[in-house]
Every structure is written in structure tokens, then in C-alpha cells.
Amino acid sequence: MTTTPPADPRIEAVAARLKEAAQKRAEAYAPPTDWQPLRKRPRKPKSIKANKEEMAKQRKRLKAAGVRRFYGVQSRRPRPRQNRTGSAAARRDARALSRMRHSNAWLW
8 MTTTPPADPR IEAVAARLKE AAQKRAEAYA PPTDWQPLRK RPRKPKSIKA NKEEMAKQRK
68 RLKAAGVRRF YGVQSRRPRP RQNRTGSAAA RRDARALSRM RHSNAWLW
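Quick note, my numbering runs 7 ahead of the 1-based positions in the sequence shown.
Please note that a few of the clues may not be correct.
In silico lysine-lysine, DSS-like type, Cα no more than 25 Å apart, as pairs [what the hints assert, rightly or not]:
1. Lys51 <-> Lys64
2. Lys67 <-> Lys53
3. Lys70 <-> Lys53
4. Lys64 <-> Lys53
5. Lys56 <-> Lys67
6. Lys59 <-> Lys70
7. Lys56 <-> Lys70
It is worth saying that the hints were derived from the structure and are not from the lab.
Build the full structure now, drawing on both the sequences and the hints.
Now the structure itself:
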């Protein structure tokens, strides 16, 4: 037959303090009762004027980006070294030589 030891007042005091601290932590971490996620709150719609201003800024920004992209590509395009100087026959010969150089015809 086992008997339970008498209750130690020090242990009971420590246990009471632990329970109280746990209760305080639970209250601190619990969300407030009227809390609502931001994305679910009803938003005030923009005025038509504000919306048009924003769209105009976006159009301007996208147009500038398109212009930058266009000129960036233009600067990378290969250009002839001399601006079409020389005869058409010389250009034809150069083109034929270039084709021969870039082909594998010399293997035959």
C-alpha cells in the first residue's frame, strides 16, 4: 500500500507561479479579438482621377523602357565598315569568298 507524500508548500508555490506565467504568455501571444487580416479589410477604391494619373505614369514608364530597348538593340547591330563604298562586283566577290570561307566545301 502506497501513500502519497504530504504536499510541500514550496513545490505548490512554484507550480502556481509556473501556471500564472504560462497564462500570461498565452494572453500575450493570442491575437486580439477584433483582429482581421489586412487583405480582407474593405479597401477604399481609388478615384478616377488618381487611377488615370497612375495609368499615365505607367504608360510613360513603359514607353521610355521601349525606347531604351530599341536604341540598345540598334547599337549592337553590325554595321558595314565603309558605308557602301566600292563597286558592286567587288561586293559580290567578297560575298562569294565569305560564303566559301564559312562553308565546308574545301573538304571535298
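Each hint tested on the structure:
Simply put, Lys51 and Lys64 have alpha-carbon atoms about 21 Å apart, close enough for the 25 Å limit, and the pair holds. Between Lys67 and Lys53, the direct Cα distance comes to roughly 20 Å. Compliance with the 25 Å bound is thereby established for this hinted pair. Proximity of Lys70 to Lys53 is assessed by CA-CA distance (about 24 Å); at most 25 Å being required, the pair is judged to hold. Taking the CA atoms of Lys64 and Lys53, the gap is near 15 Å; set against the 25 Å cutoff, the hint holds.
For the hint linking Lys56 to Lys67, the alpha-carbon distance of about 17 Å falls within 25 Å, and the restraint holds. Between Lys59 and Lys70 the CA atoms are separated by roughly 16 Å; this keeps the pair inside 25 Å, and the hint holds. Between Lys56 and Lys70 the alpha-carbon distance is near 21 Å, which keeps this suggested pair within the 25 Å criterion.
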